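Colleague: Kindly generate the complete structure, drawing on both the sequences and the hints.
For the protein sequence lines, the chains are A and B, in the order given.
The numbering of the first sequence is this note's numbering, which starts it at 1 and goes up by one.
The numbering of the second sequence is this note's numbering, which starts it at 1 and goes up by one.
If you are wondering where the hints come from, they were derived from the structure by calculation, not from laboratory data.
For clarity, every value in this text was computed on a predicted model and none was experimentally measured.
Treat the hints with care, since some could be wrong.
[Unchecked claim] Among the chain B residues that face chain A by a calculated CB cut under 7 Å, a handful are: (1) Lys60; (2) Ile62; (3) Arg81; (4) Asp99; (5) Met108; (6) Pro112.
C-beta atoms are modelled at their ideal positions from N, C-alpha and C, and glycine is treated no differently.
Residues per chain are reported as follows:
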Amino acid sequence: MTSKRLSSHRQSGSLQRFTGFVQQPLFVLLLSVFLLLVTVLVATGIGSISVSFAEVFNSLFLCNQQGDDCAVSSVAHKIIWEIRLPRVLMALLTGAGLAITGAVLQAVTRNPLADPYLFGISSGASLGAVIVMAVVSSAVVSVTLGALIGGAFSVLLMLTLAGRSAVQVERLLLAGVAVSFMLSSFTSLILYYSEPDTAATLLFWMMGSFSNSQWAELWMPALAVTLGTGIFIVFRRWFAALQAGEECAHTLGIPVNRFRLSMLIVCAAVTAVLVAHVGGIGFVGLMIPHIARFLIGTSMHRVLFMSLFLGGSFMVWVDVLARTLLHNQVLPIGIVTSALGSFFFFFILKYRSRAGG
Amino acid sequence: MSSTTPNNPPALWVEKLSWQMKSKVILDNLCFRIEPGEFVGLIGPNGAGKSSLLRCLYRKTIPSMGTIQFSGRPIETYSRRALARQIAVVQQESPAQFDLSVRDVISMGLTPHKSLLAFDTQEDHDQVTKAAHKVDVAQLLDQPFNSLSGGEKQRAMIARAIVQQPSVLLMDEPTNHLDVHHQIEVLELARAMKITVVVSIHDLNLAAAFCDRLLLIDRGAIVADGSSQDVLTEEILARVFAVNAQVDPHPFGNGPRITFDFGGHRSR
Numbered sequence: 001m002t003s004k005r006l007s008s009h010r011q012s013g014s015l016q017r018f019t020g021f022v023q024q025p026l027f028v029l030l031l032s033v034f035l036l037l038v039t040v041l042v043a044t045g046i047g048s049i050s051v052s053f054a055e056v057f058n059s060l061f062l063c064n065q066q067g068d069d070c071a072v073s074s075v076a077h078k079i080i081w082e083i084r085l086p087r088v089l090m091a092l093l094t095g096a097g098l099a100i101t102g103a104v105l106q107a108v109t110r111n112p113l114a115d116p117y118l119f120g121i122s123s124g125a126s127l128g129a130v131i132v133m134a135v136v137s138s139a140v141v142s143v144t145l146g147a148l149i150g151g152a153f154s155v156l157l158m159l160t161l162a163g164r165s166a167v168q169v170e171r172l173l174l175a176g177v178a179v180s181f182m183l184s185s186f187t188s189l190i191l192y193y194s195e196p197d198t199a200a201t202l203l204f205w206m207m208g209s210f211s212n213s214q215w216a217e218l219w220m221p222a223l224a225v226t227l228g229t230g231i232f233i234v235f236r237r238w239f240a241a242l243q244a245g246e247e248c249a250h251t252l253g254i255p256v257n258r259f260r261l262s263m264l265i266v267c268a269a270v271t272a273v274l275v276a277h278v279g280g281i282g283f284v285g286l287m288i289p290h291i292a293r294f295l296i297g298t299s300m301h302r303v304l305f306m307s308l309f310l311g312g313s314f315m316v317w318v319d320v321l322a323r324t325l326l327h328n329q330v331l332p333i334g335i336v337t338s339a340l341g342s343f344f345f346f347f348i349l350k351y352r353s354r355a356g357g
Numbered sequence: 001m002s003s004t005t006p007n008n009p010p011a012l013w014v015e016k017l018s019w020q021m022k023s024k025v026i027l028d029n030l031c032f033r034i035e036p037g038e039f040v041g042l043i044g045p046n047g048a049g050k051s052s053l054l055r056c057l058y059r060k061t062i063p064s065m066g067t068i069q070f071s072g073r074p075i076e077t078y079s080r081r082a083l084a085r086q087i088a089v090v091q092q093e094s095p096a097q098f099d100l101s102v103r104d105v106i107s108m109g110l111t112p113h114k115s116l117l118a119f120d121t122q123e124d125h126d127q128v129t130k131a132a133h134k135v136d137v138a139q140l141l142d143q144p145f146n147s148l149s150g151g152e153k154q155r156a157m158i159a160r161a162i163v164q165q166p167s168v169l170l171m172d173e174p175t176n177h178l179d180v181h182h183q184i185e186v187l188e189l190a191r192a193m194k195i196t197v198v199v200s201i202h203d204l205n206l207a208a209a210f211c212d213r214l215l216l217i218d219r220g221a222i223v224a225d226g227s228s229q230d231v232l233t234e235e236i237l238a239r240v241f242a243v244n245a246q247v248d249p250h251p252f253g254n255g256p257r258i259t260f261d262f263g264g265h266r267s268r
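Modeller: So, in structure tokens, the structure goes:
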């Protein structure tokens, strides 16, 4: 009797320790890394021709490049390496990149509604893409390059318009909104006068898609996201100090205005590269940082890593849904992110208010 | 007052400091020196320029004219980071946008001491915990900063200043919104740091009790500078604050005690 009670007591103690461990930030982070790895493996197997998990694992980690020395059919091997994997990786990079820039912009502008598109980058990129598709012809310049130039142009325009007051975030944001509207109006104008199929292609591009992901296109997003993340991690202490207020950051020795402006430009560069490759995918950059903060607390370095992993996983799954939801048809990514994202967001808000947080 | 030796430069040396915003003169030709280890109170009516002076001292505001020397060197020759290693600031209240934990807030004091690539070491953690113990917020370290009471918040801000290891502590009305007990506690913790402190205070009795020296500022100019007995006289209080007050020796100490005439009895 006594020993029984003792053992049950001990059990509840270890259970308590277990739940304590589960709530540890490190555990949550490890879990999200694990989720990302599983996501990549599973998502690579899903598609019109389904490939088993074991085959994916074999093909990715055990086979040689030709895939002729293992138990995976050469067709499956080819599908995995040439079609699925670049697409999954592009989605992963996009999600991770948009989420981490969103987290940074929210910290830097001290505005929980900030997202990577607040400088009108997506309208600049859209305009670039539109001009290439409808006016120049994509045989001369690739749509990606056009969109990249458009995105960069919008950032430059915003900085020029804001002028010397660019050091003040509020004015910079207003200039971004103005640029966004200005460039959107040009895009609409060109769309209005263009052929119906061009308009349809363009609309599809603007809503985002990973359909054209190839290995050759991956290097630039990979470079942008890696460099950006590196820079953000290096400055994590400064972000944290900025969260306590501008004046406070100043007294801790941080050149607030210069720091903010340079981080805005880094974010803009990463976003422009991503948008140019996959189109304007909304909501991820706004929502994932909030979810990350909800799951792991507000410490900046944790939020950065968590946004990276969660954003990557989320986007890969969104892409899986987009290509499997309708038979023989690929949905635009933007529609799925917004629909899924808003429901998830409501859920979290509800859960949070019930938890009394 | 502390003794000055020629090879020991003043902690702060302000000369002919003026600052105007647009055409309005906020600070008008201020001159004073503060020796290392002094505990100086800035007093004066609302809008006198106390906060503006403090902001000049931590170089958030660049004065229009005059010089500020810190430890014998013009303040503008220090890099921002070097200055942050020397001067810590506690503000009236520090709003946090996203809910930071108390540990996050106190750890911010490490910022000027850490290079960008350095990771937090065990020593850093120990330093944060030690500072938290000193101000008695150790049990609150993992709580959200915004859930703290006003007194606890200010104690945490002092812990942040301790971690920052400055030689000068500037405090802008740190006792506002606090009850008497916490007002005393905050100033006692500041004094326990045993460094130069410049603090703006509204409560004149509190200022008299804690400060070695008072600087009375009115309309941007220094109108009195000295010990609490010299500054807080009935005549000066009437002129600067427009109040009737009686000043007599404090029953618990050697400073003055100010009793204000609130005029309530006359209306009855």
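Colleague: Each of the hints needs a verdict: does it hold here or not?
Modeller: Right, here's what the structure says about each hint:
Below 7 Å, beta-carbon pairs count as interface contacts, and Lys60 (chain B) has one with chain A at about 5 Å; its hint therefore holds. Taken as an interface hint, Ile62 (chain B) does not check out: its beta carbon lies about 12 Å from the nearest beta carbon of chain A, beyond 7 Å. Interface hint at Arg81 (chain B): satisfied, since its Cβ lies 4 Å from the closest Cβ of chain A, which is below the 7 Å cut-off. Given hint, Asp99 (chain B) at the interface with chain A, holds; its Cβ is 5 Å from that chain's nearest Cβ, closer than 7 Å.
Because the beta carbon of Met108 (chain B) sits about 5 Å from the nearest beta carbon in chain A, less than 7 Å, this interface hint is met. Interface hint at Pro112 (chain B): satisfied, since its Cβ lies 4 Å from the closest Cβ of chain A, which is below the 7 Å cut-off.
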